[in-house]
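A.B. asks: Please model the entire structure based on the sequences and the hints provided.
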Amino acid sequence: MNMIVTSATPATPNGTTSMPNGTTRPQVRIVIVGHVDHGKSTLVGRLLHETGSLPEGKLEMLKAVSARRGMPFEWSFLLDALQTERDQGITIDTTQIRFRTNSRDIVLIDAPGHAEFLRNMITGASQADGAVLIIDALEGVRDQTRRHGYLLHLLGVKQVAIVVNKMDRVDFSADRFKEISDEISAHLKGLGVTPTAVIPISARDGDGVAERTDRIGWYKGPTVVEALDRLEPARPLEALALRLPVQAIYKFDDRRIVAGRIESGSLKAGDEIVIMPAGKIARIKTVESWPVTPVATRQGAGRSVGITLDRELFVERGDIIAHADAAPRETRRLRARIFWLHDKPLAKGDQLLVRCGPKESRATVVAIEKAVDPGELESSENKAIGRNHVGEIDISLSNPIATDPYTENPRTGRLVIEVSGRIAGGGLVLSVDAGQRAVPVDIVPVESALRPDERSARYQHNGAVVWLTGLPASGKSTLAKALERRLFTDGGSPILLDGDTLRAGLNGDLGFSAADRSENIRRLAEVATHLARNGHIAIVAAVSPAREDRATARRIADTTFREIYVATPAEVCESRDPKGHYAKARSGALQSFTGIGNDYQPPQGAELTIDTSTRSVADATDAIEQMLKASGVLFDEVVDLAANI
Amino acid sequence: MDHLDQLEAQSIFIFRDAFARLKKIALLWSLGKDSNVMIWLARKAFFGRMPFPALHVDTGKKFPEMYRFRDHYGKEWELDLRVEPCPPIDAVDPTLPPAARSAARKTEGLKMALAKFGFDGLIAGIRRDEEATRAKERVFSPRGLEGNWDVRDQPPEFWDHFNASPPQGAHLRIHPILHWTEADIWAYTKRENIPIIPLYLAKDGKRYRSLGDQDITNPVASTASTIDEILVELEQTKVPERAGRALDHETEDAFERLRVAGYL
Numbered sequence: 000m001n002m003i004v005t006s007a008t009p010a011t012p013n014g015t016t017s018m019p020n021g022t023t024r025p026q027v028r029i030v031i032v033g034h035v036d037h038g039k040s041t042l043v044g045r046l047l048h049e050t051g052s053l054p055e056g057k058l059e060m061l062k063a064v065s066a067r068r069g070m071p072f073e074w075s076f077l078l079d080a081l082q083t084e085r086d087q088g089i090t091i092d093t094t095q096i097r098f099r100t101n102s103r104d105i106v107l108i109d110a111p112g113h114a115e116f117l118r119n120m121i122t123g124a125s126q127a128d129g130a131v132l133i134i135d136a137l138e139g140v141r142d143q144t145r146r147h148g149y150l151l152h153l154l155g156v157k158q159v160a161i162v163v164n165k166m167d168r169v170d171f172s173a174d175r176f177k178e179i180s181d182e183i184s185a186h187l188k189g190l191g192v193t194p195t196a197v198i199p200i201s202a203r204d205g206d207g208v209a210e211r212t213d214r215i216g217w218y219k220g221p222t223v224v225e226a227l228d229r230l231e232p233a234r235p236l237e238a239l240a241l242r243l244p245v246q247a248i249y250k251f252d253d254r255r256i257v258a259g260r261i262e263s264g265s266l267k268a269g270d271e272i273v274i275m276p277a278g279k280i281a282r283i284k285t286v287e288s289w290p291v292t293p294v295a296t297r298q299g300a301g302r303s304v305g306i307t308l309d310r311e312l313f314v315e316r317g318d319i320i321a322h323a324d325a326a327p328r329e330t331r332r333l334r335a336r337i338f339w340l341h342d343k344p345l346a347k348g349d350q351l352l353v354r355c356g357p358k359e360s361r362a363t364v365v366a367i368e369k370a371v372d373p374g375e376l377e378s379s380e381n382k383a384i385g386r387n388h389v390g391e392i393d394i395s396l397s398n399p400i401a402t403d404p405y406t407e408n409p410r411t412g413r414l415v416i417e418v419s420g421r422i423a424g425g426g427l428v429l430s431v432d433a434g435q436r437a438v439p440v441d442i443v444p445v446e447s448a449l450r451p452d453e454r455s456a457r458y459q460h461n462g463a464v465v466w467l468t469g470l471p472a473s474g475k476s477t478l479a480k481a482l483e484r485r486l487f488t489d490g491g492s493p494i495l496l497d498g499d500t501l502r503a504g505l506n507g508d509l510g511f512s513a514a515d516r517s518e519n520i521r522r523l524a525e526v527a528t529h530l531a532r533n534g535h536i537a538i539v540a541a542v543s544p545a546r547e548d549r550a551t552a553r554r555i556a557d558t559t560f561r562e563i564y565v566a567t568p569a570e571v572c573e574s575r576d577p578k579g580h581y582a583k584a585r586s587g588a589l590q591s592f593t594g595i596g597n598d599y600q601p602p603q604g605a606e607l608t609i610d611t612s613t614r615s616v617a618d619a620t621d622a623i624e625q626m627l628k629a630s631g632v633l634f635d636e637v638v639d640l641a642a643n644i
Numbered sequence: 000m001d002h003l004d005q006l007e008a009q010s011i012f013i014f015r016d017a018f019a020r021l022k023k024i025a026l027l028w029s030l031g032k033d034s035n036v037m038i039w040l041a042r043k044a045f046f047g048r049m050p051f052p053a054l055h056v057d058t059g060k061k062f063p064e065m066y067r068f069r070d071h072y073g074k075e076w077e078l079d080l081r082v083e084p085c086p087p088i089d090a091v092d093p094t095l096p097p098a099a100r101s102a103a104r105k106t107e108g109l110k111m112a113l114a115k116f117g118f119d120g121l122i123a124g125i126r127r128d129e130e131a132t133r134a135k136e137r138v139f140s141p142r143g144l145e146g147n148w149d150v151r152d153q154p155p156e157f158w159d160h161f162n163a164s165p166p167q168g169a170h171l172r173i174h175p176i177l178h179w180t181e182a183d184i185w186a187y188t189k190r191e192n193i194p195i196i197p198l199y200l201a202k203d204g205k206r207y208r209s210l211g212d213q214d215i216t217n218p219v220a221s222t223a224s225t226i227d228e229i230l231v232e233l234e235q236t237k238v239p240e241r242a243g244r245a246l247d248h249e250t251e252d253a254f255e256r257l258r259v260a261g262y263l
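Sequence lines, in order, name chains A and B. Under numbering that gives the first Met the number 0, the residues of the first sequence are numbered 0 to 644, in order. Under numbering that gives the first Met the number 0, the residues of the second sequence are numbered 0 to 263, in order.
Just to be clear, a hint being listed does not mean it is correct.
To be verified - Taking lysine to aspartate or glutamate pairs in the DMTMM-like style, the calculated list, with each CA pair at most 20 Å apart, reads:
hint, chain 1, residue 1, chain 2, residue 2
1, A, K157, A, D557
2, A, K157, A, D252
3, A, K382, A, D393
4, B, K22, A, D557
5, B, K22, A, E315
6, A, K250, B, E77
7, B, K189, B, D4
8, B, K43, A, D393
9, A, K267, B, D4
If you're looking for bench data, these hints aren't it; they were derived computationally from the structure.
C.D. replies: As structure tokens, then:
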């Protein structure tokens, strides 16, 4: 069964449609919503028929099926193609259908009305430029009508045409129409939405759909088709600031290609860009493509591109590339309006995974400011947001992200929330608590005069971050120093970064809260990575008790990272106590000390594990050296310089 | 950016997301016009190479032209081609009508290939406009442990945020050209000069609009012997694309039953 007209020019993500003769028709994506049984499917069936969009024989086939089953023909049969739908009489999921009015290509996102399938309705409505809200003239405004009206508002759909259907069942009464029209208009106005039209129709008989019939002779406004013809397509995304969220970095050959889709704005080789949230500046060297590369022309919103940069910077999936003078804000904190689809209500303190474009971050719900049942439109207690309810929440993120409020950029200003690997809600970014970093327009990193391979050739090793983690007094610093001595003796360039030593200076402003500890580790990792990128072996000795913080360090240091878990048993550590910390902590004189209690999270994927209670320092150092050899940090012999360029 | 550019960009976005978020994926290559376009798009997405295998679940009953095409372009495009057989007809659900039962061999072959390679994602070239149950699909469509599709419990998918965490042992179907139409496929094939199997072009007043197994696929009446003529024909025809596919017409719900069980 072929539902969609093959002759119609098909859907595109947004904007316009190219015609064979070179002209363009604005394309508008609409959603039809409303209470179950108020006639959505009937209206859609009728619209397809009136606009000449049905495949030949389709109508006759459905009529025959109806006759065979002894049922009167219904327009809604056109959509209810699935057996299950025919059985239950409800539309289950989102289907896209295309048809044309005089001046528009309409992509209809058919959304079901049954409360159980609200998430599908949201799936559809979130992509719409405009909406048709349908109301049964006899039943009037119902819960679901209000709920859908509210959701359209929440989703930022501003153009809403109201259709009062089944006018035949109220004898085409102008009074009844006015009553409903006033009620729904007042409701929507309360939400800041002004209906673009309120139209009396009978979808079953055709009144008001494409034609103003005598039976609604008192009505002077547009028909449904005319109302659709007046909808405005979405604002062109190319006019907004450049946003290129990074999907991946490919190194299939000698090129290092940063790949992603331009969500807004445009770019071209030679443009100066900033990589957020890190704030690093670079220039676009080339725009790569296949089969012909490079591409010289400016590339605009909607394009999936690949670019190379004029310098080697650490870029990862989820970063956002922007022009340096119009960068998105970097934040660890934001406010969002969300709709919640999960069975378990969303509560303050919940740990979530937030996805903003390709960027993922663990997040905590800091506050729930509003929780609303869109059907009732009454705020419930601000404790939790129930299934199919909406609310406004403050989120704290474990990694900084770059984002925009949705009013400034509808593409980057939205997020989804995942629970157990499944999308559980979504929402719009209302405001961003900008991070401590100003927009880094003036930062231009200066690269070293030496290439990494020049140092490699001299030191006989590549740059690396060797990260020693373990309980206090487990032997990290002892091992680190022994390793430093060994590497130096062999002609290498090791540098010790001891956690305590750096706390005396660089990190002197930090305390021992979880957030400060994370920041401490982040700074250690940044310094160590800088050294590693310049060909040194940075040996970090830090308790670094949180697995997440070490994961951050690994992300920062990327392929240079080697983790060594100094797994000396806790009682051995405490019996050593060279700095007297354990004794102090036991007496209560030292707060927030890792080692007493269970707050140390051992690594799961360390490159090496060493127990210093059973191994001599020399033996352990041998083991580390072996690991560095095996993983390509240390060379056995002089290697070909060219191989490392 | 014209219409085909937009379709292409969206498909590339989907390819890259699948490659970034899943561990082990493969592209289902049926040798037909849609999957050839998919391979082309994958090479665009990954700058000339397809960094995952092309999987042909082979019923052994394709047209000779299709096998020739596979062997030639599998090499020329430097594909990591895996050809996997299907079980015999006795091994599939005997309550299905004959053509559907024959097609169901492919579902079983697919399950065997999944078990053999442990793919967590399969890229498939279905389109919304082909057929009503496909219109209901997600871009990233989770399948149960048996490869089955629960049409009533599909995860929400919006703003190009896809669900990419299949349960242990299950897999995802990824549909990078779900938003294309038959006419788009031809227009793009022409623009990009993608090779096609000649069976699509009319000979003696007939051509294949959709290619499947020899015994359950029929040509439609047509005089379109070039892609341009095909495009004109599509502008005018109201005959559905799968009219020549026997299994779609056996009973009202045969196709839906197949799809719920894991068929493409």
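A.B. asks: Would you mind marking each hint as holding or not holding in the structure?
C.D. replies: Hints and how they fare:
1. Simply put, K157 (chain A) and D557 (chain A) have alpha-carbon atoms about 44 Å apart, too far for the 20 Å limit, and the pair is violated.
2. With a C-alpha separation of about 47 Å, the suggested pair K157 (chain A) and D252 (chain A) falls outside the 20 Å cut-off, and the hint is violated.
3. Proximity of K382 (chain A) to D393 (chain A) is assessed by CA-CA distance (about 13 Å); at most 20 Å being required, the pair is judged to hold.
4. Only pairs whose Cα atoms come within 20 Å are accepted, and K22 (chain B) paired with D557 (chain A) is accepted, the gap being roughly 19 Å.
5. A hinted pair counts as satisfied when its Cα atoms are at most 20 Å apart, and K22 (chain B) with E315 (chain A) qualifies at roughly 18 Å.
6. Proposed proximity of K250 (chain A) and E77 (chain B) is supported: the alpha carbons are some 18 Å apart, at most 20 Å.
7. Pair hint K189 (chain B) plus D4 (chain B) holds up; C-alpha atoms about 13 Å apart against a cutoff of 20 Å.
8. For the suggested pair K43 (chain B) and D393 (chain A), the alpha carbons sit about 40 Å apart, so the restraint of at most 20 Å is broken.
9. For the given pair, K267 (chain A) sits about 17 Å from D4 (chain B) by alpha-carbon distance, which is consistent with the 20 Å threshold.
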